[in-house]
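A.B. asks: Chain by chain, the residues:
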Amino acid sequence: MKVKMLSRNPDNYVRETKLDLQRVPRNYDPTLHPFEVPREYVRALNATKLERVFAKPFLASLDGHRDGVNCLAKHPKNLATILSGACDGEVRIWNLTQRNCIRTIQAHEGFVRGICTRFCGTSFFTVGDDKTVKQWKMDGPGYGEEEEPLHTILGKTVYTGIDHHWKEAVFATCGQQVDIWDEQRTNPICSMTWGFDSISSVKFNPVETFLLGSCASDRNIVLYDMRQATPLKKVILDMRTNTICWNPMEAFIFTAANEDYNLYTFDMRALDTPVMVHMDHVSAVLDVDYSPTGKEFVSASFDKSIRIFPVDKSRSREVYHTKRMQHVICVKWTSDSKYIMCGSDEMNIRLWKANASEKLGVLTSREKAAKDYNQKLKEKFQHYPHIKRIARHRHLPKSIYSQIQEQRIMKEARRRKEVNRIKHSKPGSVPIVSEKKKHIVAVVK
Amino acid sequence: METAPKPGRDVPPKKDKLQTKRKKPRRYWEEETVPTTDGASPGPPCNKKNRELRPQRPKNAHILKKSRISKQPQVPKKPREWKNPESQRSLSGAGLGSSPLPRSKAKTRSRLEVAEAEEEETSIKAARSELLLAEEPGFLEGEDGEDTAKICQADIVEAVDIASAAKHFDLNLRQFGPYRLNYSRTGRHLAFGGRRGHVAALDWVTKKLMCEINVMEAVRDIRFLHSEALLAVAQNRWLHIYDNQGIELHCIRRCDRVTRLEFLPFHFLLATASETGFLTYLDVSVGKIVAALNARAGRLDVMSQNPYNAVIHLGHSNGTVSLWSPAMKEPLAKILCHRGGVRAVAVDSTGTYMATSGLDHQLKIFDLRGTYQPLSTRTLPHGAGHLAFSQRGLLVAGMGDVVNIWAGQGKGSPPSLEQPYLTHRLSGPVHGLQFCPFEDVLGVGHSGGVTSMLVPGAGEPNFDGLESNPYRSRKQRQEWEVKALLEKVPAELICLDPRALAEVDVISLEQGKKERIERLGYDPEAKAPFQPKPKQKGRSSTASLVKRKRKVMDEEHRDKVRQSLQLQQQQQQKEAKAKSTGARPSALDRFVR
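Respectively, the protein sequence lines represent chains C and F. Reminder that position 265 of the first sequence reads as 265 in this note's numbering, one-by-one numbering, no gaps. Reminder that position 96 of the second sequence reads as 96 in this note's numbering, one-by-one numbering, no gaps.
Keep in mind that a hint or two might mislead.
To be verified - Pairs of lysine-lysine, DSSO-like flavour, derived with a Cα cap of 27 angstroms: (1) F:K150 with C:K2; (2) F:K288 with C:K18; (3) C:K423 with C:K313; (4) F:K513 with F:K107; (5) F:K533 with C:K436; (6) F:K513 with C:K423; (7) C:K313 with F:K535.
Said to hold, decoys possible - Going by beta-carbon spacing under 8 angstroms, a handful of chain C positions derived as facing chain F: (8) M5; (9) S7; (10) P10; (11) L21; (12) P25; (13) T31; (14) P34; (15) V37; (16) P38; (17) R39; (18) R43; (19) K423; (20) S425; (21) K426; (22) I432.
Hint data in this document are derived by calculation from the structure and do not stem from the laboratory. Cβ atoms here follow ideal geometry from the backbone N, Cα and C, with glycine treated the same way.
With the rest of the complex left out, here is chain F:
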């Protein structure tokens, strides 16, 4: 900066001494004197184990059709990147905001460094807090050679403790037809609705019935809203909302002929897919319809949500799965998954994998991190009609009256489709499936009623008391409700990458810079041309001054030439590649323009 301090010549010698004795404090305007060895300082010790546990870091980029892994920011390792302030935007965690960076670069840089270091430290701390987790996940292992899929529920019930054994039950409700079911977010309550109009909600752990009604109409789907006090039921004509006493609170006529329901808990949106082909988002906190999107793909009856980014996945009869957000009239992405129509879609809790099954009897697992390529495929004898992921990544498929569960290597890995982990045969064809959150339990709705199955290792053992607490009291629930409503995420923020908001908005930054230059008539940040300082004691002749100036200019020129050469080379390589893949040159090519 131009205001770099010069040592005052007028200051009396006494004071001068004083100054030299004291260590010279660094002032905020002394930007030139700050040593530019930003990257040279070694980062905090990089414990590999801790690095793996960093929250959300590897989930940064959901960019279409690009390999995500190569884009991962590794800022602390690359000091070179810091030199160029424009490349700092890869620091998504620093939360710099989507507006232009402040103009003082050195200060911004140091602030960013501090933020980065802080983030590193907190992530290490958060990872370390894993020691404090009290519960261990469940598991099921066969003796050597024994196939766990052959172990039947009765054996498991016999082997486990009484409290866990009580979680296995069968509700025999044969006369009200196939059932859909839904667990509340805390995993404490269960609601189910039968095709013949039977709707019931109960605290399934204590087996206390909250309400039981008959709506005298076909029930297509049932879903808890943000808490167990509200219940959305998709009935034959309209969407109805009941409270936990079974009293009808609302009848929403704008959502008619709804086939599937999904609730986005952080946005307070109830997404409904209808027979008429509309995907409608209803904001249940204010009762307004946020968006009604026409999928233009006929009747919609396959829907699921991505819990990581609140994007709705719709399966269509032409074999595609489309991804929707209320902010866009068009789908965010369309994935061709199957030869026939799509029968079921499920997305795991980390938002990394999507399982689909189609009329072509295939079950596929897709990678959702940008590539949208199938990771594994398996052909099932009858095809799966219903799919669901558990919190720890188990995949369940309902095929006729059989339920198959596949497990992966652990949390965050895709389920391997070779060997089923568990199988179970029910008394009727499956109509609804859901793993109970925070429990090792799978709820299955079928034509013979509702079955609660034991699946060891399905549920997340350690819940977060402030997020969803199965043991919360009424007071705690009320408090949570207020807080959740206060931080309701606006529907416009739903996009493929939920961290996109934390990226620096480079486009508007550059736009602003351009506008500023236009407004001022010159570039205020342009580098001043090199002006050699005269050397001391008469050694600086004009000729040598000019020579030095020439030297610097030549250096700059050489840099430019080097860059353009590199660019040319790259282009040539690209062209060569394009040529080599193309067909052989023909004589007729000369006529091509």
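Looking at chain C on its own, in the form it has when it is part of the complex:
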């Protein structure tokens, strides 16, 4: 007879002293881990609930401006520094870690229309209602010196926006026309116009740095190549575009913030159909900025909220609002991709987390592992109705909520009418126009 009994030595399973870690032998045999799917589902449900519990995105409000904040700019070399221009001509430089204002400049008379930093981070440019372009040093004046711009350019017309080239000492302004300036000269290198309307913003492409796009109040978006004397092409939309933003990772892609409550992501090679129409705002979209990863962007709207959209989704994944925040004029995504800043009508700049439930600060390895595991679970079970409902739920102010309902009814009525029209006319005589194509009037080359 040969016999062997299962006989464990407890010393192999119990820690020796109280200072040791507990021993945890693992066996991944599935019969010892029954109900794998239901248990993971419950874990995913808990993780989703906790995510909503911990969603506290608002970090700080920077107050100090004496009029509405009209424009924001990031420092290209320093994460903690941001610049803001207000409607009373004041420019402030802020330190985000200390959350205070470190410098105040009375830059213009009237609005500061645009602000941008030089790629090296040593100076910045502002344009204002007083028809001037001013270049300022980033560091404050020394003791006894006066606060004075490095250069001042007096123009003939009002400038409404400015952007700096990403690699060279060239910047572009817009107003009646798009001007491209050399920093050393007082006259533009070239001026480009197409039509006779005022241009509201101009943006350089961060990847293909010679390209730039502008949007004008005659409802079009015009693309330029700096090396050519004439514009490349333009697309005319249903309504006016307020501003555009280029995708920092994909050179051909840009997103336009439109007055018709939507955002349009275009591929510049095929302007006749936008890649995606992003709709969720209930009022005009005033500003848009991409995250440095190029996967998401944030938009500021007149409806007193900001929303975060994934580039490939037509609905927003997040909406931020507070009781005190009024019409949001400008928004920026910080260069470390973790925070969002927005400047609004009621003189404050607000700092938000880009991921609402993220824990700030250093994570221990266990925390990190748990976070990753929960993230994966949420991803795996995201389409389950119960989990989807919890993950999607957002509290909205009453004004926005009722507006959404109202617009839903309007849209439904329009759609019903269209369906009826198709139904009661000769097949093929009423074309079915997709949502993407609906808002494009024409593409001109």
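Starting from the known structure of chain C, arrange chain F on it as the hints suggest.
C.D. replies: Just chain F now, with coordinates in the frame of chain C:
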């Protein structure tokens, strides 16, 4: 998609060059340019041994009355299936969820591929981790020709080491009548209750008594709840819950005249079968009764749970075994097992086999994977009154005062009923049986007390420290308790196939599609009719254009015809089969409508 990029003609030549030099990156919108050779890429090397060790894969389908094996998903081997996105639902492991798939098909497909590859990799890794397991299972082998059933306990005790020999003991408790017993989930604690009201709980390894009380009432059954700190006792009238000091915590009057108890540890449900014919589920974490189901089959005194899917099996006096879940008022399935009444039911730990014994003196083993057919049958001289499976698939039957144990070929195979593996005679008729988890020990409650028998090869040698750890400290137990409560599975999720939750909900997917088409007034995913492109340099006449269009349309038409022909043929074959099995045609058939 309609936004496929066209090379810009306006871009200056300098930049063009730049582009051609650089490798063109693949963008997310370039769905047309993605090569559709999804299946062509050979899957990860298919190591046969690893494949066998994949967790839970072969357990996918518990579909009634259908052969399971033919339905098994073999996705990586069949690239053709991938072409049709609707057939992807067989990918249960990918965890796509029970809601509609995202609309972009190519992206979904690539995501699914990634998930599939990941799953493959993790299962291989998990299988490889078996190398790290420290303990080997026990065994008992006779010399050549020697029958292991003839080896008595005394010989085994003599042959094994002292620590193992100490696991064999006899508690002589003759005056408190036949005993029921239960081991805790970790296998460390033992509780037993006698017919005359004697209830005791002890740490049976160290032989330390936790509590010993007399409830002054008949004890029908006894069961540990999720940890050894709580003890449910089915007494003559009501169900009582005691803690490990023997203090009565609750008296549950809604569960009265309970005969059998089962605890579902992952759902925190205590299932009670009563004399009044009700199966009641009590959620012990919140103290609420989740469901009280009327089995409509008279007195219930045969019950066991399926540890794989938490379905309760009830044996009835008309020879059927019914399968219950708290989500359903009706049984999930009814299996006619015996000519007479069912005396005992047991289900093995993988949920594959069910053993039943009935008044017809037969012992049967059923396959629970969809067919519910008996695999093997054996007639016993007196019939078995109690049955239990061990973690490694040993089956024990208590017949009068004799205990018989049968073993299979190994883990996951049914026990062969020809030769018993071990037998043992006790000092009184058997009243309760359970194998101790993670130990080679069988606990037997009988009218003479409680006996702990040595059964080499019964227990799982390697436990998982995070699931149930026999050596856990108090702190570890508390931590585990919190975690277990956090991931308590809702009672509504109990069904025959616990992986059903991971399948794609095709019905609601199609329903949603239909609703969308109705809402929009047209099908947005419909294929646009073929529009031939004009050929270059004036070779494309209108006539040839029309001809090409015709050709494509004809091809589509031919496809349709082919399909309908195939369908017809199948139908004809079916009819022919039906006819051939039926009786010969008679002249009166013409009057049949």
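A.B. asks: Which numbered hints does this structure break?
C.D. replies: 2, 3, 7, 11, 20 and 21
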